[in-house]
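Enquirer: With chain A fixed as given, assemble chain B onto it according to the hints.
2 protein chains.
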Amino acid sequence: MTGASRVRRGRGRPSRTETAAAPATRDRILEAAREEFSERGYEKASVRGIAKAAGVDSALVHHYFGTKEQVFEAAIEIVFASALSAPDAVADGPRDAVGERLTRFVFGVWENPATRRPLLAVVRSAVNNETAAAVFRRLVAAQLLRRIAGQLDVPDPELRAELAAAQLVGVAMLRYVIKVEPLASADMEQLVARLAPVVQGHLTNP
Amino acid sequence: MTGASRVRRGRGRPSRTETAAAPATRDRILEAAREEFSERGYEKASVRGIAKAAGVDSALVHHYFGTKEQVFEAAIEIVFASALSAPDAVADGPRDAVGERLTRFVFGVWENPATRRPLLAVVRSAVNNETAAAVFRRLVAAQLLRRIAGQLDVPDPELRAELAAAQLVGVAMLRYVIKVEPLASADMEQLVARLAPVVQGHLTNP
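From first to last, the protein sequence lines stand for chains A and B. 1 is the number of the first residue of the first sequence in the UniProt record's numbering; add one for each residue after it. 1 is the number of the first residue of the second sequence in the UniProt record's numbering; add one for each residue after it.
The shape of chain A in the complex, shown without the other chains:
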């Protein structure tokens, strides 16, 4: 958000990012895209609007990322980057603490102001638009959850990972999106203490 504002203010004069090469332009487009998708939602957002906010031509956005769907996917991928990086902070590590790692990861991205907005954009877009829902399925289900499931030596590992994720998706919906009290104001450590064993149970209980 602040990045996109900076880009808008700075257009026409050299900014910090403009002094760097292609990777900086790419990042600036992604930042503008996150801003555009957060502000307008997937359906109303346009590659043209993203290009304008980033101070580049639409053709350059297409050159780097492809279609609007692919821009969306790239823009929100950062939200999941910490979980998808190797060594994977969620899937790897002691098996009896995978529930707590997944729980802390989800709270981490929601409590972080830099990732909360893109995540809100993902949620708002995914419940209203099939293309955005498909991106969510690819990123969350196919990458994050399947990776966790791959580490579990249990029957129905993918269904288990999805039920565990469902607990955390629901908490995020009620706490950060709908803002139901007392959940919205509850202490995070209190929530982790209640949720980690439930998430763990879904993943590894016989």
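Hints listed in this document are in silico derivations from the structure and should not be mistaken for laboratory results. All figures in this text were calculated on a predicted structure; none of them were measured in a lab. Check the hints yourself; a few may be wrong.
Since the list gives no way to pick one copy over another, a pair counts as held whenever it fits inside one copy or between any two copies.
What the hints assert, rightly or not - Here are the simulated lysine to any residue pairs, SDA-like style, with alpha carbons at most 25 angstroms apart:
id, residue 1, residue 2
1, LYS44, THR131
2, LYS68, VAL56
3, LYS52, LEU120
4, LYS68, PRO155
5, LYS179, GLY150
6, LYS52, GLY93
7, LYS52, ALA196
8, LYS44, SER58
9, LYS52, ILE78
10, LYS179, ARG116
11, LYS52, ARG95
12, LYS179, ASP156
13, LYS68, ARG137
14, LYS179, ASN128
15, LYS179, THR67
16, LYS68, LYS179
17, LYS44, TYR176
Expert: Okay, now just chain B, sitting in the frame of chain A:
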């Protein structure tokens, strides 16, 4: 949905509902409202559009229900009617089966074609609009969850009820809205068997 279509087709000639008195008109407006909110979402829906679909004057809609927000609340209240009716099918009954009752109730409204569409309208509206979110909070949190919490003799009963609800909200999101596999196609009884103990645990575990 079929009701609203019927009303539209039938305008100008006597229909089944038009032969009845005020309660039928009220129901027809609610049916048109559910259709309008499902189709267009809360923000784009209008009392004028609802009135037109129901074949009545906007003033009559206001007379029966008040503001657009109140029409929305009345239109979606039917979704929760079975849980809010007395004797309350969820809150009442053996305490050690309240988790299964809540789980079955949530699947019941989502699996029922008559309530799935209004519920989708609630979810889509609530994640995108603060007024719709407030209605969701009133109906789900203040009525359904607080009622369940009132029956629990445990610390933090409201937080517990919300964490239990979060599990089911998340499952509904991933199964019915985002349609993540294998959850979207999983057998309902298999899901109840996995979820009921978790929901019960949130509500009554020490």
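Enquirer: Checking LYS68 and PRO155: alpha-carbon separation at most 25 angstroms within a copy, between copies, both or neither?
Expert: The answer is neither: 38 angstroms in one copy and 48 angstroms across copies each exceed 25 angstroms.
Enquirer: Could you place LYS68 and VAL56 in one of the four classes (within, between, both, neither) given a Cα distance threshold of 25 angstroms?
Expert: within (15 angstroms within a copy, 42 angstroms between copies)
Enquirer: How do LYS52 and ILE78 come out at 25 angstroms by Cα distance, when the copy is not named: within, between, both, or neither?
Expert: So LYS52 and ILE78 pass the 25 angstroms test inside one copy only (21 angstroms; across, 46 angstroms).
Enquirer: Could you figure out if LYS52 and ARG95 sit no more than 25 angstroms apart (CA to CA) within one copy, between two copies, both or neither?
Expert: neither (47 angstroms within a copy, 59 angstroms between copies)
Enquirer: As a check of your reading, is LYS44 near THR131 (CA-CA no more than 25 angstroms) within one copy, between copies, both or neither?
Expert: both (13 angstroms within a copy, 21 angstroms between copies)
Enquirer: Within, between, both or neither: how does the pair LYS179, THR67 come out at a Cα-Cα threshold of 25 angstroms?
Expert: Close across copies (23 angstroms), not inside one copy (34 angstroms); limit 25 angstroms.
Enquirer: Check LYS68 against ARG137 for me: Cα-Cα at most 25 angstroms, and say if that holds within a copy, between copies, both or neither.
Expert: Result: close within a single copy only, 17 angstroms intra versus 34 angstroms inter.
Enquirer: Is the C-alpha distance from LYS179 to ARG116 at most 25 angstroms within one copy, between copies, in both cases, or in neither?
Expert: both (14 angstroms within a copy, 23 angstroms between copies)
Enquirer: Within, between, both or neither: how does the pair LYS179, ASN128 come out at a Cα-Cα threshold of 25 angstroms?
Expert: both (19 angstroms within a copy, 13 angstroms between copies)
Enquirer: From the Cα coordinates, with 25 angstroms as the cut-off, is the pair LYS52 and ALA196 best called within, between, both, or neither?
Expert: neither (43 angstroms within a copy, 50 angstroms between copies)
Enquirer: Should LYS44 paired with TYR176 be assigned to within, between, both, or neither, using CA atoms and 25 angstroms as the limit?
Expert: both (23 angstroms within a copy, 24 angstroms between copies)
Enquirer: Quick one: LYS44 to SER58, C-alpha cut-off 25 angstroms, is that within a copy, between copies, both, or neither?
Expert: within (16 angstroms within a copy, 30 angstroms between copies)
Hints 4, 6, 7, 11 from the list above are not met by this structure, while the remaining hints are.
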